[in-house]
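Novice: Sequence:
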Amino acid sequence: MAKQLNLFSGQVITTSLHTEMQQSYLEYAMSVIVGRALPDVRDGLKPVHRRILYAMHELGLTPDRPYRKCARVVGDVLGKYHPHGDQSVYDALVRLVQEFSSRYPLLAGHGNFGSVDNDPPAAMRYTETRLAAVGHEGLLSQVGEATVNFISNFDNSQQEPTVLPAQLPFLLLNGSSGIAVGMATNIPPHNLGEVVDGLIALIDQPELSEQKLIELIPGPDFPTGGEIISTEGIAEAYHHGKGSIVVRGVAKMEEVPTAQKRRTKNAIVVTELPFQVNKAAWIEKIAGLVNAGKLEGISDIRDESDREGIRVVIELKREFSPEVVLHHLYQQTELMTKFGAIFLAIVNGQPRQLSLKQILQEFLSFREQTLTRQYRHELEAAERRCHLVEGLLLALENLDSLIEILRNAPDGSTAKITLENQLGFSDIQSDAILAMPMRRLTGLERQKLQEEFTQLTTNIEQLRRLLDERPELLKSLKKELRSLKRKYGDERRTRIIYPQGQTTITSEDKTAKKSKEKILELTSPPDVLQPLPPVDEETVIEITHRGYIRRVSPKTADSKRNQTENKTAINIEETDDFITQTHNTKTSQNLVMVLKTGKAYPLSVADIPVGNNRSKGKPIITLLSPSAYKDTSINPQDLMIAQFLLSAFPDKTDLITLTQQGKIKRLPLIELAELTNRGSTIVKLKDDDELSFATLSNADEKVVLATSGGRLLRFDLNDEQLPPMGKVAQGSQATRLRQKEHLIGCVTLSIKGSLLLVTEQGYIKRIAMELVRGSNRGGIGISMIQFKSPNDILVGIAPAKPRQQIHLLTSDNRIIHVPTDQINLSTKDSTGDRIFKLKPDERIISIKS
1 MAKQLNLFSG QVITTSLHTE MQQSYLEYAM SVIVGRALPD VRDGLKPVHR RILYAMHELG
61 LTPDRPYRKC ARVVGDVLGK YHPHGDQSVY DALVRLVQEF SSRYPLLAGH GNFGSVDNDP
121 PAAMRYTETR LAAVGHEGLL SQVGEATVNF ISNFDNSQQE PTVLPAQLPF LLLNGSSGIA
181 VGMATNIPPH NLGEVVDGLI ALIDQPELSE QKLIELIPGP DFPTGGEIIS TEGIAEAYHH
241 GKGSIVVRGV AKMEEVPTAQ KRRTKNAIVV TELPFQVNKA AWIEKIAGLV NAGKLEGISD
301 IRDESDREGI RVVIELKREF SPEVVLHHLY QQTELMTKFG AIFLAIVNGQ PRQLSLKQIL
361 QEFLSFREQT LTRQYRHELE AAERRCHLVE GLLLALENLD SLIEILRNAP DGSTAKITLE
421 NQLGFSDIQS DAILAMPMRR LTGLERQKLQ EEFTQLTTNI EQLRRLLDER PELLKSLKKE
481 LRSLKRKYGD ERRTRIIYPQ GQTTITSEDK TAKKSKEKIL ELTSPPDVLQ PLPPVDEETV
541 IEITHRGYIR RVSPKTADSK RNQTENKTAI NIEETDDFIT QTHNTKTSQN LVMVLKTGKA
601 YPLSVADIPV GNNRSKGKPI ITLLSPSAYK DTSINPQDLM IAQFLLSAFP DKTDLITLTQ
661 QGKIKRLPLI ELAELTNRGS TIVKLKDDDE LSFATLSNAD EKVVLATSGG RLLRFDLNDE
721 QLPPMGKVAQ GSQATRLRQK EHLIGCVTLS IKGSLLLVTE QGYIKRIAME LVRGSNRGGI
781 GISMIQFKSP NDILVGIAPA KPRQQIHLLT SDNRIIHVPT DQINLSTKDS TGDRIFKLKP
841 DERIISIKS
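Residues 1 to 849 in full-length UniProt numbering are what the sequence shown lists, from first letter to last.
Keep in mind the hints are simulated off the structure, nothing from the lab.
One thing to keep in mind: the hints can contain errors.
Listed next, the in silico PhoX-like pairs over lysine-lysine satisfying Cα-Cα at most 25 angstroms (straight line) [said to hold, decoys possible]:
1) K265 to K294
2) K285 to K616
3) K586 to K702
4) K485 to K596
5) K828 to K740
6) K616 to K338
7) K338 to K586
8) K616 to K596
9) K212 to K479
10) K801 to K848
11) K485 to K475
12) K616 to K788
13) K285 to K828
14) K252 to K294
15) K242 to K46
16) K752 to K727
17) K788 to K596
18) K212 to K46
19) K212 to K357
20) K596 to K740
21) K848 to K788
22) K596 to K555
23) K801 to K828
24) K475 to K357
25) K242 to K212
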């Protein structure tokens with residue numbers, strides 16, 4: 001942040017705006033990364049979870065104490081350590097209780113804390129909680145300034161720990177997920193017994209190979225069970241810190257009675273679902289596929305789940321094979337899904353992507369430091385007490401002299417000095433002797449003091465050996481880990497199905513197949529699955545103004561499209577986001593994402609999460625390779641400038657790009673046919689330039705450039721005006737700009753079409769393309785709008801398509817939806833129409849078509 005200015009002394013510090021914005025944003029990003037979204041590798045907790053646990057520890061909510069209202073806990077957390085919204089704290093508390101969210105819940109709950117059907121928990125005034133045994137012993141039993149560092153809270157009224165002295169690597173045991181700025185973490189949960197075995201092996205053999213470690217920790221262990229059927233993703237995640245793990249639910253074939261109970265019919269009974277799959281939404285998805293005719297062979301679906309576990313009965317029609325139907329359920333629903341593992345955590349205040357071995361090593365290093373601090377504190381306390389007891393015993397041995405000194409001393413101070421001079425007591429020992437009650441003179445008390453001195457001497461010797469000899473310290477650590485494993489270890493819930501002939505995960509798992517249809521061959525007999533073609537599902541992609549993306553069913557998209565097309569009036573709403581693009585496609589296709597950095601990245605439609613009207617989807621940037629944003633200072637949410645389906649356009653289609661400094665380029669779309677996850681450069685940029693616009697075009701279309709001064713430049717799309725160039729070319733100069741003028745748009749359009757021009761003060765004008773006089777690239781263009789005010793400027797242009805809307809974003813964060821059919825054609829010299837009312841000082845800042 002900029003230095004604090006002394007305004008009264010006239011002090012002025014000159015700084016450039018982009019430097020200030022960049023530094024301020026980086027500081028904000030790091031505060032989100034370190035202080036909110038990512039867990040610490042040492043205790044596996046985010047700050048909000050750590051504060052909840054510590055606040056409950058201070059309240060004394062141990063496992064042997066009664067439950068306390070969650071509202072009381074949330075109030076303490078807010079008032080002492082976490083001054084944010086109460087609902088966010090309660091949501092974090094709820095996850096710590098939910099057995100289907102955490103493999104080893106750190107809190108115990110009493111009341112309704114939600115379900116796998118995504119039912120919301122009861123309000124915090126109704127639910128109660130306390131620390132679970134594993135959370136209390138594994139995280140809080142040793143908390144104190146002797147073991148971990150403490151810092152002041154937000155108002156310097158309390159002290160809170162920077163990390164909890166975890167005795168187990170909860171980062172792996174319960175996993176973690178979170179989205180920060182430009183990065184995300186998604187760590188799966190693991191089995192406690194297996195992780196402890198891996199830690200002990202790593203203590204015994206610090207150079208233990210990752211392959212040997214994976215044999216001890218074969219894979220994640222999800223709280224909802226399920227089966228892992230592709231081991232390649234596990235190997236990638238454990239070796240490199242990132243991988244895609246295929247998980248499927250557990251299903252069995254049963255014969256269930258018919259409604260008349262005279263006969264039986266085949267049924268698929270699902271007893272376990274993949275981690276984080278919403279059971280109610282999954283059943284609804286199956287019903288929707290059956291009703292749409294995309295999933296055949298199912299006659300009825302019943303949810304017979306209860307407190308004992310999940311049981312979903314899918315009754316089948318007589319003529320259909322259960323294996324075939326199950327195969328289609330795996331293909332078309334979330335009964336089989338991918339868990340995208342990203343082992344990202346905070347290490348020494350910095351986010352790092354770690355391998356499995358590195359996570360365990362970081363925990364062991366932290367635990368060794370914690371034990372050293374604890375043992376040193378215990379040693380100091382034992383030595384102080386031993387010194388004091390030694391003085392008491394020495395006083396009892398010289399009791400006659402002691403009594404004589406006390407009898408003749410005029411006051412306590414004189415007696416203390418005499419004891420120190422004549423009998424050699426220390427200052428602490430003298431104070432203890434003078435405060436010693438008379439009962440300590442009895443024989444029984446003497447015996448107790450002697451036994452205590454012997455015990456203290458033994459403890460001091462043990463503690464010194466632990467601190468001086470590292471093997472002894474590690475032996476103590478292993479003993480502690482084995483004890484915790486006996487108390488809290490349990491059987492693995494998630495089965496791992498290895499490919500035929502394989503019993504472990506190898507570093508180069510070539511037997512596990514990458515493609516989904518190959519993975520499915522592990523789920524059912526080959527003779528049944530061989531004739532089944534891979535499912536290529538029709539879907540609709542929705543992209544929002546803020547860069548979120550989701551998939552919805554064509555039926556849902558058609559319903560919303562009809563509602564939009566039927567709107568013939570201007571609609572103004574106050575919202576942060578809205579849908580700007582939709583693509584009708586299939587799951588086998590790829591989207592191409594064009595970034596301001598001059599690069600393009602592919603995104604598989606199948607990898608886009610399925611959403612609904614209540615979910616806004618996921619940020620596009622999180623679905624791309626990290627290389628898309630790691631080397632740029634641009635906000636990841638602002639990186640996207642264009643998206644299109646590669647397969648939706650013929651080979652003769654071109655990509656027209658325009659940079660901030662006016663470099664225009666024509667790139668044949670065929671150049672992007674072999675796009676990989678690493679991305680590809682589509683235009684070479686100078687250091688101070690960035691890509692501003694990208695649009696697709698055909699040979700019979702015209703290119704139109706617009707400037708903020710209201711000038712339009714139109715030229716033909718041919719080899720003379722704009723010849724095709726390679727991917728690493730910079731492009732040619734597009735137009736000449738006047739002083740204080742900048743480019744605000746680039747579109748391609750047929751000569752028979754029309755354009756919409758939008759000004760900052762809210763004037764909209766529609767003109768026919770024929771009115772824009774043709775020119776040559778690099779020219780000055782022609783003025784096509786008369787501004788009502790000399791302070792007004794042009795902020796955007798867009799093609800005027802029938803039965804469509806344009807979306808105008810204002811400086812007051814309002815969205816104005818304007819049907820294009822409401823705007824009449826104007827002449828060249830008109831000012832346009834102001835068909836909606838802006839607030840005072842409100843202005844249009846951008847448009848989306």
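Novice: Need the status of pair K265, K294: alpha-carbon distance at most 25 angstroms?
Specialist: holds (22 angstroms)
Novice: Please work out if K212 and K479 have their alpha carbons no farther apart than 25 angstroms.
Specialist: holds (22 angstroms)
Novice: Next pair to validate is K788 with K596; report whether the Cα-Cα distance is within 25 angstroms.
Specialist: Violated - the C-alpha atoms of K596 and K788 are around 33 angstroms apart, more than 25 angstroms.
Novice: Regarding the pair K616 and K596, is the alpha-carbon distance no greater than 25 angstroms?
Specialist: holds (23 angstroms)
Novice: Decide if the proposed pair is consistent with the structure: K752 and K727, CA atoms, cutoff 25 angstroms inclusive.
Specialist: violated (31 angstroms)
Novice: Against the 25 angstroms threshold, does the CA-CA distance of K801 and K828 hold or violate the hint?
Specialist: The given pair, whose Cα atoms are some 20 angstroms apart, holds under the 25 angstroms limit.
Novice: Going straight from one Cα to the other, do K616 and K788 come out at no more than 25 angstroms?
Specialist: Outside the cut-off at roughly 39 angstroms; violated.
Novice: Is the straight-line distance between the alpha-carbon of K485 and that of K596 25 angstroms or less?
Specialist: With Cα atoms ~51 angstroms apart, K485 and K596 exceed 25 angstroms; violated.
Novice: Would you check the hint for K848 and K788, treating anything up to 25 angstroms between C-alpha atoms as holding?
Specialist: Within the cut-off at roughly 23 angstroms; holds.
Novice: Under the criterion that the straight-line Cα-Cα distance not exceed 25 angstroms, is the pair K285, K828 satisfied?
Specialist: Distance ~53 angstroms between K285 and K828 Cα, so the pair is violated.
Novice: Measure nothing beyond the straight line between the CA atoms of K242 and K46; if it is 25 angstroms or shorter, mark the hint as holding.
Specialist: holds (20 angstroms)
Novice: Is K586 within 25 angstroms of K702, Cα to Cα?
Specialist: violated (30 angstroms)
When held up to the earlier numbered hints, the structure conflicts with 3, 4, 12, 13, 16, 17, 18 and 22 and fits the remainder.
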